[in-house]
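Work out the full structure: start from the sequences and follow the hints.
Residue numbers (our numbering), protein chains in the order written: chain A, 426 to 962; chain B, 5 to 77.
Since the hints were derived computationally from the structure, they do not count as laboratory data. Here the structure is a predicted model, which is why all the values come from computation and not from measurement. Watch out, some of these pointers could steer you wrong.
[Said to hold, decoys possible] Okay, the calculated bits of chain B under chain A, using three or more residues with CB under 8 Å as the criterion:
no. : region
1   : 19 to 28
2   : 40 to 47
[Stated by the list, open to error] Pair ranges (Cβ atoms, derived):
no. : chain 1 : residue 1 : chain 2 : residue 2 : range
3   : B       : A16       : A       : T453      : 26 to 32 Å
4   : A       : W554      : B       : V39       : 24 to 30 Å
5   : A       : P885      : B       : L28       : 44 to 50 Å
6   : A       : T484      : B       : L28       : 39 to 45 Å
Built from N, CA and C at the ideal position, the CB exists for glycine as well.
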Amino acid sequence: MSTIAHDHAPGVGAHDGHHDDHAHHHPTGITRWLTTTNHKDIGTMYLWFSFAMFLVGGTMAMVIRAELFQPGLQIVDPEFFNSMTTLHGLIMVFGAIMPAAVGFANWQIPLMIGAPDMAFARMNNWSFWLLPPAAMLLVISLFVPGGAAAGGWTLYPPLTVQSGMGMDFTIFAVHILGASSIMGSINIITTILNLRAPGMTLMKMPLFCWTWLITAYLLIAVMPVLAGAVTMLLTDRHFGTTFFNAAGGGDPVLFQHVFWFFGHPEVYIIILPAFGIVSQIIPAFSRKPLFGYASMVYATAGIAILSFIVWAHHMFTTGMPTAGLLFFMYATMLIAVPTGVKVFNWLATMWRGAMTFEAPMLFAIGFLFLFTLGGFTGLILSIMPVDVQMQDTYYVVAHFHYVMVAGSLFAFFGGAYYWIPKWSGTMYNESLAKVHFWSSLLSFNVTFFPMHFLGLAGMPRRIPDYAQQFADWNMIASVGAFWFGASQLLFLYSMIQCARGKGEKAPARPWDGADTLEWTVPSPAPYHTFETPPQVK
Amino acid sequence: MSAPVLPPQNPASRLRASNRRTALVLAAIAATFFVGVIGSKFMGGQAMGLSVLGIAVLLFLVTAIGRNLSSKR
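Next comes the structure, spelled out in structure tokens:
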């Protein structure tokens, strides 16, 4: 699919949308947000929640970087430092990035496939409202006796079997977050399979919907596995089982296998929606259809399938048979093939396009450049003998932040700038958005590029103190981290201005290369859209 | 004796039924993975894990093929 012909004429003004915006009564104030079943309201709540959690997780990152600004212990004690690294990871993955992706899905999927709402509107509300209590459990765990979980976001036993009450809070939070994700995924799959507008075949769907469809299947397959793993952890802690206790006949390494069977697909759960967003932005600002639509769909599916058979590359140093090491090494390398298909298709889309470089496009290109760098370091780490040297060093930290931050986060920023005119009816401040982009790009690289050198020099991750030889690069990384954190306030200001309607009024289709269904409704999108399904040709 | 004539379903209720069916299948997959991963470890051994997964896949296939065949009749 590259373009969609439809009956709605693009470019209609906001006042033309009354036929879609029936005067249904809906509550106002806090009741509206507590009881809403509208996909747009729920999408908005997901996005604000995820940004709030991004700030909470970001603050924890600042504590980490402040402690690492120079060698020695200055600000926090080592136990608290470990809690910070653990909660930073958990909050960013489960509280910030995943909910942001679901927020985009809630807003965009019904609009892009011509559906009036999500298939299970009440369950959608419940999926969202499970998140705040889970987030509170994670944060409150800092204040219980024994402190928060401190064994890393991977929750490896035996440390997590032995730690205090904060670990129980974490396990419960993971259960709730998992339930929310599963319900959200069921909703997304059902919506896409059953509520597409007439004529919108699967292979005509915008790529964002495809990437989310595949992501939702991944979530359904792996979130229960994580839930199972932490349930076993819970029973080991309190009910006398010994799943992960060698003294009772269990195996701590078993947890790692089960965790990474979830954990590696989780990486793609985080990155595939970002791929989808970028696949909408690049054609729109290149004024060309997406190059190789079908191959993009198959590449996405290929990445998802391969993601199930590579988990043990996270465990090369745990002691595996040589055949196993070779299998997981080559399987991991194989993922570079479908990922390469995607990267070259994005480049081919831009090739000879009439490109302009508004903020969404800048973030998409930034994503492309930095994600590719993160992908290459991933390829390096997939080489087993190299990984044995790099395991648990800052090289790994640099690698996954290039994938998670410069990958997902940059795509989400691009997506937010791309769709905010549709969501709020107000254009964002372009100059401010460009400052946000360049500031984020530079500060991100100042923060994380030196971590490659630190890792290669042998600095281990998750330590509050380090040898003198690592001092210079750590100081630079810390300065970059504070700069990156401050840059995000520009984004917050920009979004608040749009939400308050301060700015130029957005037309129905502010980007002339954008051709998906959401641009056929007025800006801001009416509360109810596509109650009469559009006919897609 | 002729078969009883069922009242025609309106499109909205047909869609709701279809949504429910899809959701139940997906929830069943999630439940299988959750119960399967704990059950296989509880009972011990890789063979148990593979059996749980194999039986689940087989059951889904049999159900799906059976439904498909019965709807064609």
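Going down the list of hints, with the structure as the test:
no., hint, verdict
1, 19 to 28, "holds (count 5)"
2, 40 to 47, "holds (count 5)"
3, A16(B) - T453(A): 26 to 32 Å, "28 Å, holds"
4, W554(A) - V39(B): 24 to 30 Å, "26 Å, holds"
5, P885(A) - L28(B): 44 to 50 Å, "47 Å, holds"
6, T484(A) - L28(B): 39 to 45 Å, "41 Å, holds"
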